[in-house]
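Engineer: Fit chain F to the supplied structure of chain H, relying on the hints for placement.
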Amino acid sequence: MTAGVPTEFIAPGPQNFTTPPIIDGVDWFTKPVLVAALSVVVIVWFFWGASRKAAIVPSKLQFAGELGYNFVRNSIARDAIGSQDHMKYVPYLCGLFFFILLNNVAASIPLIQFPTFSHAGWAYVAAIMSWVIYNAVGIKKKGLWGYFKHQTMPAGVPVWLMPLMIPIEFISNILVRPISLSLRLFANMFAGHILLLVFVLGGEYMVFESGKIFLGGVGVITFLMGLAIAGLELFVQCIQAYIFVVLTAQYIGSAIADEH
Amino acid sequence: MSENQDPKPSPPNSGDGWRVLSYLIGGVALYGGIGFGLDRLFGTQFLLPVGIVLGAGLTILMLHFRYGSRS
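These protein sequence lines are chains H and F, in that order. Once you know that position 193 of the first sequence is 890 in our numbering, the rest is easy, because the numbers rise by one and skip nothing. Once you know that position 26 of the second sequence is 163 in our numbering, the rest is easy, because the numbers rise by one and skip nothing.
Same shape as in the complex, but just chain H (with noise of 0.2 angstroms):
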């Protein structure tokens, strides 16, 4: 496409979010999965050097692990979990925290440039994880019928309500849950991708290939609007994996609890 001649605009839709395989003929190996695998790469080899050599003076790097993991158990694990039984929670929370983060954050790298929970099926696979782990530790401090009952008898309602209010706190806790859980992170980053992708692929046909003048100008906004865009989805990026996390505590938090 040369400059000048004007083309028809393709908007981008969900078809940019299929990538092809990233070698033939092995068709599960695409983006995601290259990105995944290497936010787990860069995790270890992060924690690894961080723990390393420890020493009671933090090199910069012990410093830097420190920082993130005590982020994780102290404001988000212990908050959420309380003081006595958060510490067998941090691993996993902490894991999912970083595991989240990179895969989002990589949507703002060059080259990179693609958020893996865009594609729903690694936030269902997430979300479920974390339901299976605080439905499962529910279970073993309660009982399956203690934990059930825990679970569906919602407090200081009348008990002539019961039989309505019942279902209503099931769905809530058992069903909306993961739901919710996985849809917040797939669809911020699905939304913050393709908001970026309407901005600069509109600015880029606007400026170069509308062949107007006037289309032109719009696009060189269009194009400083993107970057505003790219600007805020870092900061969506960092909150979604902290919202995911967080909820994830707050819902073993609940299913743990003592009272309602």
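Here are a few chain H residues that face chain F, going by a calculated C-beta distance under 7 angstroms:
no.: 1; residue: 851
no.: 2; residue: 853
no.: 3; residue: 861
no.: 4; residue: 864
no.: 5; residue: 865
no.: 6; residue: 869
no.: 7; residue: 873
no.: 8; residue: 877
Read the hints as simulated data drawn from the structure, not as lab findings. These numbers come from a predicted model, not from an experiment. Ideal placement from N, C-alpha and C gives every residue a C-beta, glycine not left out.
Structural biologist: Structure of chain F alone, referenced to chain H:
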């Protein structure tokens, strides 16, 4: 690090916002769904909106019982 010794009490209500949201979704989805099913069963048209309103009302009532007494 120094945060380790900090005996900060955990905020017990920090997840309430999301919980309220999931109650509202759950209540409306459940009773709206029942209304939808009954509509299909009897060939009527008014039970879906009735179910949605009933679900929303019951959810708000439950939120009142759960959280309303807190000062």
